[in-house]
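**Q** Residues per chain, in single letters:
6 protein chains.
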Amino acid sequence: MRPSGRELNEMRAVSIETGFTKHAEGSALIKIGDTHVLCTATIEDRVPPFIKGSGLGWVTAEYGMLPRATNTRMRRESTAGKQGGRTVEIQRLIGRSLRAGVDRVALGERQITVDCDVLQADGGTRCASITGGWIALRLAVNKLMKAGDVISDPLVDPVAAISCGIYAGQPVMDLDYPEDSEAGVDGNFIMTGTKRLIEVQMSAEGSTFSRDQMNQLMDLAEKGVGELVTAQRAATA
Amino acid sequence: MRPSGRELNEMRAVSIETGFTKHAEGSALIKIGDTHVLCTATIEDRVPPFIKGSGLGWVTAEYGMLPRATNTRMRRESTAGKQGGRTVEIQRLIGRSLRAGVDRVALGERQITVDCDVLQADGGTRCASITGGWIALRLAVNKLMKAGDVISDPLVDPVAAISCGIYAGQPVMDLDYPEDSEAGVDGNFIMTGTKRLIEVQMSAEGSTFSRDQMNQLMDLAEKGVGELVTAQRAATA
Amino acid sequence: MRPSGRELNEMRAVSIETGFTKHAEGSALIKIGDTHVLCTATIEDRVPPFIKGSGLGWVTAEYGMLPRATNTRMRRESTAGKQGGRTVEIQRLIGRSLRAGVDRVALGERQITVDCDVLQADGGTRCASITGGWIALRLAVNKLMKAGDVISDPLVDPVAAISCGIYAGQPVMDLDYPEDSEAGVDGNFIMTGTKRLIEVQMSAEGSTFSRDQMNQLMDLAEKGVGELVTAQRAATA
Amino acid sequence: MRPSGRELNEMRAVSIETGFTKHAEGSALIKIGDTHVLCTATIEDRVPPFIKGSGLGWVTAEYGMLPRATNTRMRRESTAGKQGGRTVEIQRLIGRSLRAGVDRVALGERQITVDCDVLQADGGTRCASITGGWIALRLAVNKLMKAGDVISDPLVDPVAAISCGIYAGQPVMDLDYPEDSEAGVDGNFIMTGTKRLIEVQMSAEGSTFSRDQMNQLMDLAEKGVGELVTAQRAATA
Amino acid sequence: MRPSGRELNEMRAVSIETGFTKHAEGSALIKIGDTHVLCTATIEDRVPPFIKGSGLGWVTAEYGMLPRATNTRMRRESTAGKQGGRTVEIQRLIGRSLRAGVDRVALGERQITVDCDVLQADGGTRCASITGGWIALRLAVNKLMKAGDVISDPLVDPVAAISCGIYAGQPVMDLDYPEDSEAGVDGNFIMTGTKRLIEVQMSAEGSTFSRDQMNQLMDLAEKGVGELVTAQRAATA
Amino acid sequence: MRPSGRELNEMRAVSIETGFTKHAEGSALIKIGDTHVLCTATIEDRVPPFIKGSGLGWVTAEYGMLPRATNTRMRRESTAGKQGGRTVEIQRLIGRSLRAGVDRVALGERQITVDCDVLQADGGTRCASITGGWIALRLAVNKLMKAGDVISDPLVDPVAAISCGIYAGQPVMDLDYPEDSEAGVDGNFIMTGTKRLIEVQMSAEGSTFSRDQMNQLMDLAEKGVGELVTAQRAATA
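Residue numbers (UniProt numbering), protein chains in the order written: chain A, 1 to 237; chain B, 1 to 237; chain C, 1 to 237; chain D, 1 to 237; chain E, 1 to 237; chain F, 1 to 237.
Derived by calculation from the structure, the hints in this document are not laboratory data. None of the values given here were measured: they were computed from a predicted structure. Warning: the hint list may mix true and false statements.
[To be verified] Here are some chain E residues the structure puts well away from chain F; computed CB gaps all over 12 Å:
# : residue
1 : Met145
2 : Ser152
3 : Gly206
4 : Ala237
[Stated by the list, open to error] If you want the footprint, here are the derived chain B segments under chain C, 3+ residues with CB under 8 Å:
# : segment
5 : 97-107
6 : 199-210
[Claimed, not checked] Negatives, chain C to chain B, calculated, CB over 10 Å:
#  : residue
7  : Arg6
8  : Met11
9  : Val14
10 : Thr18
11 : Ser152
12 : Tyr177
13 : Glu227
14 : Ala235
Just so it is clear, CB atoms sit at the ideal spot from N, CA and C, and this is done for glycine as well.
Bound-form chain A, shown alone:
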C-alpha cells in the first residue's frame, strides 16, 4: 500500500495554470500533487558562442528551489555562493530533455531559457519541471509563431517526464516524497508524446535491480507520460 493510498500505476492530481506571471514570454505554474513548480520561458536574440552564425536555435534551462519549498529550510544557493551538485545535475537534465524535442533549425538563431523554480516540493520536482517547462516553452514559441518570427513549428512532439521506482518491493508510478525517500530504485523517464525515449535514468541507492524490474518501470512510465501529454495539450490548446 502506498502512503497516499494511490494505486501502483496512479499519478497524483495534475493542475496547470498558464500565464502565472506576466513578464515572461511563456509561463505556467504546474502542480503535480503537492509539488508546485513555476516555469517561465524567456526568448532572447543572442545564442551561446559555440553556435553563433549557425542559424540554429538553443534551449537551455535553470532550476532553483525556494529555501522553504521543503519540509526543513534549506540554505539559499546565492548565499552559499554556488549552485549545489544536485541543482546543476537537474538543470542540465531539463535543458537536454527540452532540446531533444526542438527542431533547432525551425527555431532559428535565438535562445529560449526555461527557468523552473520549485515553490513547494513533495518529490518529483525534476520531472514536474520538464513537463511544466515544456508548457512554458510551447507558449513562448506560440508567441514567436503568432508574430511571424518563426514559420514552421519547432515543437513537433511534446516532451514530458515521470518518475517511477521500486517502493516496498513494488513498481510504482510518480513517487511522492515519502516514497522517494524510501525507494530502493528510482528512475526518471523523459519521453515524447509519441513515446520516443529522450532520456532514461535508473538508479539504485544502496541496492541493485534486475532487467525485468527495469522493464516494469518502463511500462509504467509509458502510461504516465501519456497522461501528462494529454494534460499539456489541454493546457496549451
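For chain A, the structure is supplied; the task is to place chains B, C, D, E and F on it using the hints.
**A** Chains B, C, D, E and F only, in chain A's frame:
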C-alpha cells in the same frame, strides 16, 4: 497624472493569500498590484552565536527575485556566485524592520527566518516584502502561541511599509515600476500600526529635495501604512 | 551626559589633510575625532556601459576598512572572498550621495571613483567618508578644470553627511562608537551646502521613534552639515 | 564502420596497473584504449555527519581532469573557482555506483574516498573511472581485511561500467571520442559482476530513440561489463 | 646614474611614526621614500590548530594595498573575490620573515597578526612591510612584557629587509619604482640585526645573473639592513 | 646521515619518460626519486593582452597536485574554490624560471602553457616541475621548429632546478620529504645549463643562516643542476 490613472494618494489593489505553501510555519502570497511576493516564515530552535544563552529571540530575513520576475531576465544570483548589493541591502532592511516590531524576550530563544521571494515585480518589492513578511511572521508566531511554546504575544504592533516619492513634481503614494524608474525622490517608510516610525529612507537620485517635500511624503506614508495594517489584520484575523 | 563630555549638539574635532597620497588626482585624510578615513579620487576616461556615448559623467565609490581599524581585528574582506553586506550598503550610499551633488553634463563622459578606506574607526565612518570623499572629488575636479578638460564647474554645491541619533533618550549630534552602539535610533543625513536633502536614513534597532523625534534629529543635522561644509570649503580653498 | 576499425561489440584494449602511486591505500592506472585514469582510494576514520554513530561506512568519489588530458587545453577548475557542472555530475555518479556495491555494515564506520583523475581522455572517462575506481577500492579494502580492521568482505560483487550508444545508426560498445562526439544516443551502464543493474543512463542529444534500441544497448552492455569484471578480477587477484 | 640621483649604495629617506593608529597593540607608519606602509600588530589568545596545546606562539602576516596606492587605480581585492597571487606570495614572505626572528617558546601560546597595508607605493613595499611590521610587532611585545604576560623577550634580534638589484648594469640599493620596473635582476634580502640571513630571493626577469653579481648584491644588502636596524631601534627605544 | 642513506651531495635517481600523454605538443613524466610530476606543454596562438601585437612570445605555467599525491589526502583545490597560496607561489616561480630561458623574439607571438601536475610527492616538487617543465617546453618548441613556424631556436640554454638545504647541520643536495620537513634552511636554485643564475630562494624556517652556509648551498646547487641538465639533454636528444 499617474501612468496607472491612480490618485496621488491612492494605493494599488492589495491581495493577501495566506497558507500559500504548506511546509512553512507561516506563509503568504502578497500582491500589491502587479508586485507579487511569496513570504514564508521558518521557526528554528537555534539562534545566532551572539545571543546564545541570552534568552532572547531573533528574527532575520532573506530576499530573492526569480530570474524572470522582471521585464527582462536577470541572472540568477546562485550562478553569479553571490547576492548582489541591492539584494543584500534589501534583506538587511527587511530583517531590521521586522525585528523592531518584535518583543524578543516574549519570543524566547528561537529564530524565525522570513524568506521573501519576488515571483513578479512591478516596483515596491521591498515594501511588499516587509508587509507580507510580517503576515508570515504573525502566522508562525500564532502557531507557537497555540502550541503553548510562547505565552505572551511578541508581536504587539503590526509592521508595514510603503514607498512614496516625488513623481513628475508631485508627491505620490505606492510607486509602481514606471513611476519608480522616473521618480527624482524615492522613499521607503516602515511604521507600526500605531504610526511609530521604524525606518525612514529618502533618497534623491540625481537631484535633491526640501524638508517640506519630506513632510509631504511622511503624510502620505502614514495614510498608506494605515491601509496596509488594516489588510494585514483582515488576513490574519 | 555624553561619554565624551560633548554638548548634545556638539560635533567632534574635524581635521582635513589634503594631498595625503601623491598618485590620486585628489586625496584627503579626514579625521572626525578618532574616526580617520583616507579618501582618494581617481579620474578615468571610461564610463560604465549603460551611459557610454551619452556624454554624461559618472561618480562611483568604494569603501573599505583596514582589519585593525576597529577595537578587535576584523577579517580582511579579500580573504573572506567578498565584501560584506555592510560594506556594500555603505559604498552604494557614498556613491549615490556624491552623484547627487554632481552636474553630470558639466563633468563630461568620464568616471571618477572615490575610494574611502577607514584607517581608524570610532563611529560615523560612512558620514566621514562622504564628507571626505567630496573633498577628494573637489580636488580631482579642480585638476580637470585647471587643465581645461572641464569648463563649467560640475560641483555647484558641496555634499556632506552627519549622523544624529537618540542616545540615552536625548537627540545628539555626531555619535561616536560608544554612543552608536547604545543608541536606540540612529540616522544619517546627507545634505548639500544649501541644506537641500540628498538622503535621509533613520533607523531604530529594537525600538521605534516618533515624528517629533525625527524633526529634532533633522534640526541637529542641518546645524552639523553647516559646520562640515565650512570645513570642506576651508580645506579646498 | 567504426573509426577505430573495431567490431560493433568490441571493447578497446584494457590495461590495469595497480600500485601506480605509493601513498594511497589503493591505487591503479586504468587504460581503456587511449583513456587513462589514475584512481586512488583513501581510507579515513571519520564519516560524514549524517551517518556519525550509525556504525555504517561511506564511500564517496571525486573526479578531475588534467588541463591537457584533452585535445585542446581546458581551464583548470581550481582557477575557475569551482568544479564545472559536468564534473559534479560525473563524480556523484561514480560515488553512487561504487556505494551500491558496498556492504556498508561490513565496512564499518569509516570513509573511503576514491579519486579519479583523468591523465588522458579519449571518451568514456566516467565509465573508466568507475571500473578503475572499484579496483582502487578493492585494494584498499584488502588492506583493511589483512589488518583485521574489517572481518567480512564488504565488496561482494565487483562494479564496472561501460558506455554503449547508437553511432551511425548502429548500436556500438565502448565509444571512443570520435564516436562519442557524433553519437545520437549515448548510454552509461553500471552493473555488478552478476549483471545486476546499479545505474542506467541513456540520453539522446538532439534526437530520440526507441525501446528496441534501448534493449540492444542493454545487451551490449551486459557483454562489456562481463569482460571488464574479468579484467578487474585478474588485476586484483 | 639613478633616476632619483641617489648613490648606488644609498637608501631613500626613512621615517617611522609609531602609534599611528590607536586600537592595535602595536602600530607604525613606515615611509621609505614615497613608499608608505601602515603596519599594525594584533595580539590574540588563540593559535592555529596545528600548534594548539604546544605552548608555542605564532606570528602571521597579511598584506594589502589600497586601490589608489599606485599610479593607476587597481581593482580592490575584496571585489575581485580573492587575493591575487602577488599578494599571497608577499604576505607569506612577511610572515615567514618575522617568525624567523621570534623565540616562539618565549612568546607563549598566543598569536600575533601583523597587517601591512600600503597607503602609497613607490617600489619595495614588501621590504618596507617587513621592516615596519617588525616595529609593530616589537611594540606589541613590549606591551605583553610590561603587563607581565611575557617574561623573557621573544624578539632577540631585529628583522629588516632591503631590496637590491642590477639597474642599468650596476648593483644598486633600495630600488624605487622607476628602477624596479627596469631592473634585470631584483633581490629581496631579509636579515637580522646581527646580519644572519633569514631569506634571500634573487630573481631575473627575462635575463640571468652571475654568482659575482649575487655577491655584490649581498654586500649592498648587508649595508642597507644595518641602516634599517638602526632606524628600527631608534623608533622603538 | 641522511634518511635515504645518500651522500650529502648525491641526487636521487632521475628518470624521464617523454611523450607520456598524446594530446599535448610536448609532455614528459619526470621522476626524481619518489617525486613524480607529469608536465605538458600547450601551444596557443593567442598571447596575454599586455603583449598583443608586440611580436614577443610568452611562456606561463600552472601547477597542481592530485589529492592523494601526498601521504595524507589533501582537499582538491577545485572544491576549495581557489588555488592555495603555496600553489600560486609555485606556479609563478615555474613560469618566471622557464621564461628566463626563452628568447621571446625567436619564439614569436604565441603562448606556451606548461602544466605541471604532481602525481606523487616526496619533496622537491617545484624543482622537479621546472626541470620536467623545460623538457615539455623543449619538445613543444621542437615541433614548432620542425613545422617551420619558428626558425631560430628560442631555447638556447636549458633551465633546471634543484633544492639544497641544511639538514641536521649539514648542507645536503636534493632534499626528500623526510629531510625537507626537518630542514632548518631550504633553498631552491634555478640555473641554466651554463650555470647562469635565474632565481635563488633561500629561506630559514624558525632559524637563520650565515653567508658561508649560503655559499656551500650554492656549490651543491651548481653540481646538481649540471647533472639535471645532462639528463634533460639525454631525454630530448
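**Q** Failing hints, ascending?
**A** When the structure is compared with the hints, only number 3 turns out to be violated.
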